[in-house]
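The task is simple: from the sequences and hints, build the whole structure.
Protein chains in written order, with the numbering used here: chain A, 867 to 1207; chain B, 867 to 1207; chain C, 867 to 1207; chain D, 867 to 1207; chain E, 867 to 1207.
Watch out, some of these pointers could steer you wrong.
The list treats identical chains as interchangeable, and a pair is accepted whether it falls inside one copy or across any two copies.
The list that follows gives simulated cross-link-like pairs (lysine-lysine, BS3-like), each with its CA atoms no further than 25 Å apart [what the hints assert, rightly or not]:
1) K973 to K1061
2) K1014 to K989
3) K1205 to K1148
4) K989 to K954
5) K1061 to K1205
6) K1202 to K1016
7) K1101 to K1014
8) K1203 to K1061
9) K989 to K973
10) K1148 to K1014
11) K1101 to K1016
12) K1148 to K954
13) K1202 to K1061
14) K1101 to K989
15) K1148 to K1202
16) K1203 to K1016
17) K1148 to K1203
18) K1079 to K1101
19) K1014 to K1079
20) K954 to K1101
21) K1016 to K989
22) K1148 to K989
23) K1061 to K1148
If you are wondering where the hints come from, they were derived from the structure by calculation, not from laboratory data.
Single-letter residue listing:
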Amino acid sequence: MEPGTPIYVGENRSERVQIDVMRFDGETLCELQDIAIDSLSAQVGGSGVLWVNVTGVHDVEILRRIGEFFDIHPLTVEDIANTDQRPKFEDYPGYIFCVLNMIRYDKTANEIALEHLSIVVGKGYLISFQEEPGDVFDGVRERLRQSKGKLRTSGSDLCMYALMDAIVDGYFVAVETLGDGIEACEDNLFTQMDKVDLAQVHGYKREILDFRKSVWPLRDELSMLERSESELITKETRVYLRDVHDHVIQVIDMIDSYLGQLGNIHDTYLSMSSNRMNEIMKVLTTIATIFNPLTFIVGVYGMNFDNMPELHWAYGYALVWIVMIAVAAGLFILFKKSKWI
Amino acid sequence: MEPGTPIYVGENRSERVQIDVMRFDGETLCELQDIAIDSLSAQVGGSGVLWVNVTGVHDVEILRRIGEFFDIHPLTVEDIANTDQRPKFEDYPGYIFCVLNMIRYDKTANEIALEHLSIVVGKGYLISFQEEPGDVFDGVRERLRQSKGKLRTSGSDLCMYALMDAIVDGYFVAVETLGDGIEACEDNLFTQMDKVDLAQVHGYKREILDFRKSVWPLRDELSMLERSESELITKETRVYLRDVHDHVIQVIDMIDSYLGQLGNIHDTYLSMSSNRMNEIMKVLTTIATIFNPLTFIVGVYGMNFDNMPELHWAYGYALVWIVMIAVAAGLFILFKKSKWI
Amino acid sequence: MEPGTPIYVGENRSERVQIDVMRFDGETLCELQDIAIDSLSAQVGGSGVLWVNVTGVHDVEILRRIGEFFDIHPLTVEDIANTDQRPKFEDYPGYIFCVLNMIRYDKTANEIALEHLSIVVGKGYLISFQEEPGDVFDGVRERLRQSKGKLRTSGSDLCMYALMDAIVDGYFVAVETLGDGIEACEDNLFTQMDKVDLAQVHGYKREILDFRKSVWPLRDELSMLERSESELITKETRVYLRDVHDHVIQVIDMIDSYLGQLGNIHDTYLSMSSNRMNEIMKVLTTIATIFNPLTFIVGVYGMNFDNMPELHWAYGYALVWIVMIAVAAGLFILFKKSKWI
Amino acid sequence: MEPGTPIYVGENRSERVQIDVMRFDGETLCELQDIAIDSLSAQVGGSGVLWVNVTGVHDVEILRRIGEFFDIHPLTVEDIANTDQRPKFEDYPGYIFCVLNMIRYDKTANEIALEHLSIVVGKGYLISFQEEPGDVFDGVRERLRQSKGKLRTSGSDLCMYALMDAIVDGYFVAVETLGDGIEACEDNLFTQMDKVDLAQVHGYKREILDFRKSVWPLRDELSMLERSESELITKETRVYLRDVHDHVIQVIDMIDSYLGQLGNIHDTYLSMSSNRMNEIMKVLTTIATIFNPLTFIVGVYGMNFDNMPELHWAYGYALVWIVMIAVAAGLFILFKKSKWI
Amino acid sequence: MEPGTPIYVGENRSERVQIDVMRFDGETLCELQDIAIDSLSAQVGGSGVLWVNVTGVHDVEILRRIGEFFDIHPLTVEDIANTDQRPKFEDYPGYIFCVLNMIRYDKTANEIALEHLSIVVGKGYLISFQEEPGDVFDGVRERLRQSKGKLRTSGSDLCMYALMDAIVDGYFVAVETLGDGIEACEDNLFTQMDKVDLAQVHGYKREILDFRKSVWPLRDELSMLERSESELITKETRVYLRDVHDHVIQVIDMIDSYLGQLGNIHDTYLSMSSNRMNEIMKVLTTIATIFNPLTFIVGVYGMNFDNMPELHWAYGYALVWIVMIAVAAGLFILFKKSKWI
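Given below as structure tokens:
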């Protein structure tokens, strides 16, 4: 296959790709929903900032045509379609290209759901590609409509920041929900150890590692974006990018902290379950050991020798009971003193 | 939510935010306690150094207004309100912004208590934001009042250093108290192993890791501050910042050392408890193994066959005792020789 | 042995070395298959791009002669013959030299098969050295023949990229097949633990580590190639090299992720098998412990003392049964309450 | 407490602080022992090199006065008094400040003894601060007196090197004595495992880690010193500093090597003691298992049923012995064949 | 001891130090074997390249005199005599100084034998210092004598490369022999586990770590040598040094790979031996558990109560056998179903 050929690798989808367009400057805002791909070409150029939001990357033909409209490199189009693409930032001539993952955490299934998101930012335009319809950008849209803050009066770069910020805010929600489960797990460890389940700990670990794999590359990506020499990013936006970079580092800190906690839980669980097992075995084995000599003694007087004087003593039976009780008590005291039970 | 919107995320508080003001130069010092937010605006500008200490960051409106008075970036105000913000240093146009954690260690609960502290240092002013009332800065206030040292004659940057130094000195107290517990734990390991508790070791580890997470970013932060090109920090203050940087590295060294010690304790505890368990099991199993053949022998002569000549021998019973004692002694010697018991 | 003396270290081969030649520019393409080494010298120089594909590096004399034709340093020729050479990139005067490994994963044998590949890229020519015949470059040949894409109109550097891309695409196939096996292994862990086999996990780990060893150096190699100051690589090709670099990082990410998963599987397997073992031992030991006192009691009444009043009671036998059932039930309830069984 | 206030944190001491002075140049050497602090001020300035050796840092007043005489920054004086100060190198205006630890290893107590040493090197003078009297610098003094080597004719920087070299030579002695113990421990592991003691291994590890903590910072410190732009250090001395840097790296190499060896010993000890335990348990359990059916058989013929034909057979008793021997031998052979014993 | 005083620290030797001299240029070669130290001074200077090979570094007086002849820094002479010196590269005025280890692997003793080798390269001369006589440089001598390759016509720097290359080629031999043993160990793991011995694995690990310690510093050393600004190394030799650097990296790769494999073997060995142990214990304990109720039952009917109706039933004895067989079979089926045996 020729490099630059877009191939969709995600799950099968049949929904139509939806293209929403928003054009705004400080004074006016024009919004078009679900327009046809052909009418998109009319939007290219023009004044103000154009935000094209594409929902669905499974129709590679549409991606290819959008790429043509905005003069996007075929390798970029390939990366937009490739939902397995790891987060990255690339500086192409004329535009900036970012790949991120949106992350949701499904608590009941204990599963991280990743969604591939690509952003292309050029002079006066911004194109975002989502895999599925979702409401994560609604806050940004609302702020644009209400003309709150600097978003309306700044360029496409601040708009890119706003989208990234919305996504990174979603990371906090996901990592905190995940963290609540882990904390509950740790609390159970010392109170109701039976409720702690190794398969669950294993599951948390897998999800946290997946999370980390998605967020970790963002650290470098945002640092590169912040310090990139591209003229598309204004000095003011860089201050905001530093803020989202800081948030990503905080998410990574939390993830690493939870990972350490899971390791700690695993180790302590093993130690405690092994300790508890040992306690039980010790008690049971001690009981067996106390009965060992007793069973031997009763065996002795069950023998059928003709000549066993003890059997004919008047208090033989009572005596053997006394001996046995003495042996049992002696052993019990010995084990107790040696702290074996 | 728009970026730069301050949100308080700490525990609910109803106390009124307290604003204390101190203005000083080499000759005069003027102190105002608990002033209203409105009268603060009158303090902006003016000669000498202005130190505003704000106790309580839960009233975001007050933070916003202070931000306006001193021309602070909304993202900074957001970070001041966010008590989960990790330590960082940022160079904004016109001021320097630092976030630190004050750390106390509550010995009885074995818990690290973190308090979020933000410092904004500008030309001729310094604003510190504390979460709770506390006496950690009393030493600095006293030195200002008594006009001891260079603090009175230097700028806001040395004052910032003085606050940081007070906080880092608090780290030493906390880490040493924590360390005493760990050392006691290790001493017990080889003398009174029963007193060592895995849950306690687990707890120390969690607290030490939390401590580390709070102090670690300071290492880079202070190094950046020391080498920053900001004109707000004089060459002389940089020598002092190097000193506090050195203290932070020493705290981190101590933390890492305690972490290693805890790992060592955990491993040795497991090895020793497993060793001890094994010793016990070996002895108990050996006892059982000695009684096994004895019980068999007495079983043999408990059988009811018509024709068992031994039963009718005159010394049969005595003989069987001799055999049994010989077997038991033989096994005991064998086990002893093989170093099994 | 003098440095720069080529020595073939791979398995013994007797096949004749096959030399295929392709010369192309934007308009014409000329293909010669399996030409003699002597006729190759006539091809040196000339217009367009010359791609020489050499299949077989075991005949060092042929390598030496090709080296002479194209003025290749003896150390390069030595590295071409050395099939154990680790991946590397070197910038020689007049040409660029790359070593890669082609990787196939044989699923049934659970074995990684490595093939040593060297590429020499000079002004107007490209020489690739394969160990064995294979069809991995057929896609590139086909695209050249059909004159699709930029390949025909660009220089030897883009052709080198095309070969690298074909090889790295093969890495994805190999790592995914390997990954499928690991995922199946993990799924079995919690459903059919008996099917999980430590030798298999050990084998996966060995293969994954071998894979990593081959791919890891490519990371730096491609980064160096991308940023090298060589004039042989055009600015446009560098964009493509960045893409293949990105793919290599993605492969390494996948490998690291699978490695972590294998570690996780190993740990969880051990924990679970130890847990299960413990469960069994606990139940069995508990049963033994319940029968211990019962066997003792029946032993007591098997004794032959003359004077054992219980033996002559009318309901003695029934009573002893009641006692024994009570003891067994009591112990069972006790163990159940202590959560020992 | 004001920063720059010297506080002594070591153990209580009552000895008087001893100040020894040596002034030398290529031709003359003048030595004064145990002079009063007041007469020291007369020594400041003057020709040649002045070496002041201060034994005891517990009298902070003396330190403060020496600081005044030589114009030393208060933060430096604070670090001289602080015996917990980690090794560091700092370039102050007018002088260079180094902190090192002298290390002795007390073999019988298996304990590292650290002593805090500070060196201040200025133009024409060198001040060394020791905690306790000791003979570690006697070699340097002797070489000065005998006018051997370049020491007499060079500046204060080479003298600083000589002191550092003497201290680092002490590290080798300490680390080798420590290493001998570890090697002996490892040798015992495979020959007389009973002599290996986990508490001892734990102790070695703790001491080695303490050692490492003291030496590790020297690596960077000496590298900084070697490459520092200070005019106080001549080009020739830098060659010597590179040598002592190289020695420090060698000490760290040895430490890391011993650490790895200790880890290896710990792992192997656990594996071997677990293996040995398992061997014993296997044999004991096998014996128990062989006697299980035998005890059952003799139990059978101890039953008192009226109608047990075997009991009345002429060779019943002999037969039951044959059966029992057959069962025992069969089980023994089975276990032997399965390699269970 | 004064720095720069050479001290020999290796094993006691009494052999005379042998000095061999070779002087060559493109046309002539003059070889002198075992010359006296006094006649060496006559060789200093002169045309062509002078290679002095000194066998034995235990006679420090000879080293000191050679140092004088060639104007070598006393610290270099100290490092030549110190056979424990770690590999390093140093650029002195007028010459380059390299320390390497020659490594042989003694298979039967499973021991790495290190030999300290120092090389001093100056304008027109090269001095190599070996600890023991050996034939590792014979290949280089032969190539010089036969005037093969560039060696005769190049300077002392290429000659230094030739010696290094010979030594690094020896690393491959040693590491491969060591690797064969490790691979054999791994193969045994899954086929004849009894043959795998933890002490052997421990030994391999120790040797591999020693190997690594000797080779690892070469990585940086050769990289520094390759990029050093010394005029003694020509541009052409740098290409060759890059090649030997590449070989060293390959050796380190192999070592790291074997280390990982040893870790893998250790883990898998422990898991498998623990698994196997568990299997055995499970079976033995199950057998004991099956006989527990049987022994109880026969005990019951061995009691001597007057009134035990079952004893007098015609088919009592047969019935009890049936019950016992039923119990045993039931338990066996239950255990089998629960997959306990």
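Hints violated by the structure (numbers, ascending):
6, 9, 10, 12, 16, 18, 19, 22
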